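S.K.: Sequences listed follow chains U and D, in order.
According to full-length UniProt numbering, the stretch in the first sequence is residues 1 to 173, in order.
According to full-length UniProt numbering, the stretch in the second sequence is residues 1 to 267, in order.
Just so you know, the hints here were simulated from the structure itself, not pulled from any lab data.
On a predicted model such as this, the values are computed, not experimentally measured, just so you know.
Wrong hints could be hidden among the right ones.
To be verified - Some, not all, of what chain D presents toward chain U, calculated at C-beta under 7 Å:
1) Met-99
2) Tyr-124
3) Val-131
4) Thr-134
5) Arg-136
6) Phe-143
7) Lys-145
8) Met-188
9) Pro-195
10) Phe-197
11) Cys-256
12) Leu-261
13) Leu-264
Stated by the list, open to error - Straight-line Cα separation of at most 25 Å, BS3-like style, residue types lysine-lysine; simulated pairs:
14) Lys-4(U) with Lys-106(U)
15) Lys-117(U) with Lys-84(U)
16) Lys-84(U) with Lys-200(D)
17) Lys-84(U) with Lys-145(D)
18) Lys-84(U) with Lys-112(D)
19) Lys-118(U) with Lys-200(D)
20) Lys-84(U) with Lys-4(U)
21) Lys-200(D) with Lys-172(U)
22) Lys-126(D) with Lys-84(U)
23) Lys-34(U) with Lys-84(U)
24) Lys-117(U) with Lys-132(D)
25) Lys-14(U) with Lys-4(U)
26) Lys-4(U) with Lys-34(U)
27) Lys-204(D) with Lys-172(U)
28) Lys-142(U) with Lys-119(U)
29) Lys-145(D) with Lys-117(U)
30) Lys-119(U) with Lys-163(D)
31) Lys-117(U) with Lys-106(U)
32) Lys-132(D) with Lys-112(D)
33) Lys-14(U) with Lys-84(U)
34) Lys-126(D) with Lys-119(U)
Glycine is no exception: its CB is placed at the ideal position from the N, C-alpha and C atoms.
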Amino acid sequence: MNFKIRPAIKEDCKEISRMIMELAVYENMPDQVKITHEELERDGFCESPFFECLVAEVPEEHKSKEGFTVVGYALYFYTYSTWKGPSIFLEDLYVMPEFRGNGIGKGLLCKVAEVGKKKQCVRLQLSVLDWNTPSRDFYAAKGAQDLTVSEGWHAIRFDGQSLDNLANEAAKI
Amino acid sequence: MCLTNSHVCAFIAASVNPFEGRASSAAAPLRRPLMKTVAALCVFSPCRIKGGIRQPLKRHAVFQELLIEQDGCLILEKAAVESSPEEPLHPPAAIPAVMDFSIRAANVEDCKDIARMIVELAEYEKMTEHVKITQRDLEQDGFSKNPFFHGIVAEVPEQLRTKDGHTKIGYALYFYSYSSWAGRAVYMEDLYVMPEFRGKGIGKALMSKVAQLGLAAGCNQLNFTVLDWNQSSRDFYMSQGCSDITTSMGYHCMRCEGEALQHLAQP
């Protein structure tokens, strides 16, 4: 299938937001999505963006049944490993179901790796849900290691009230 | 007027909180336009805690972080400030005695100690051979125009220095990240306190400061990882109210590096 991968522009945020929701539905967590295209526009296209994004686009003649030509995206940001140096974290990788199996997902992943290489990033990291076997197999086939299984790393999070409570402790210092 | 950190946090929460879902001391309408002027100051005011009473330092505000609106975004900028020895500080409040320590933003001169403590942390995690970063790398990567990370350092006074003469005895290293579901987030890459200074509230103070800075920058999550066998750290984090999203939601941490990454990156 004919497709191209390009950096996202501000005007893509509505499409990216649509696909973020589709990915959340796939991951059985649509109620977790709290941001809209407005936050994406503000946070991704300012002077010091919080993230970068690539989109996959198909020509008009291959548009989806709803008429979309932007059919996949990869959202990532730069991180730092105190052991190895600059790294990339792939926050989201998504291709609409009807466009899967055409190499678009792999194309997006490779493009992110290429971007990282140009910035001297030494690692590409991401997280995947344990039940998501197709994705786990996809990443394993590309040489990704599962650090939770191999080294015992667990992802920890503070948000909502727990984050506020923690931050309030700092005011007492 | 000298601002306490609690004054500043309340001001920030009331002034620049256009983000949905965050608790605030003032009612913040959803997706309110950003303020056009300098939004708030977040002043670090190191203090000493001696004998249960917080003793104001004669010099304070090693630096200040400015939260400003630029191009529709909130930017956190640092600026060195002159501190006035004569400036009165807020009245001391009685706090349970823990230990005499202060927390401040890391500067480039701290990289030697941070590099030392990175190796100590790797030794604790039984992964010393993985550390390739040097002091010079930290200086370049953390203190250039577009730093990859930010750091905060815990310091004790000279009379409490270690047997090797160190007064910088803990650190936290963090950077801003993004959740496509929740928006701005902060990732804490490292949190470390030297063994002889543990159990005194320093680790908690460092983590709380990262949370405070994250909230001030509009973040809705603080994320990090911990090793499954590291029970003391896991217990510590759980006691602070966090979630283990590997256990509860099934997230696995994945990594591509070395040859696998080189192969992926080929055009």
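S.K.: Quick one: which hint numbers does this structure break? Sort them smallest to largest.
M.R.: 1, 2, 4, 5, 6, 7, 8, 9, 10, 16, 19, 20, 23, 26, 30, 33, 34
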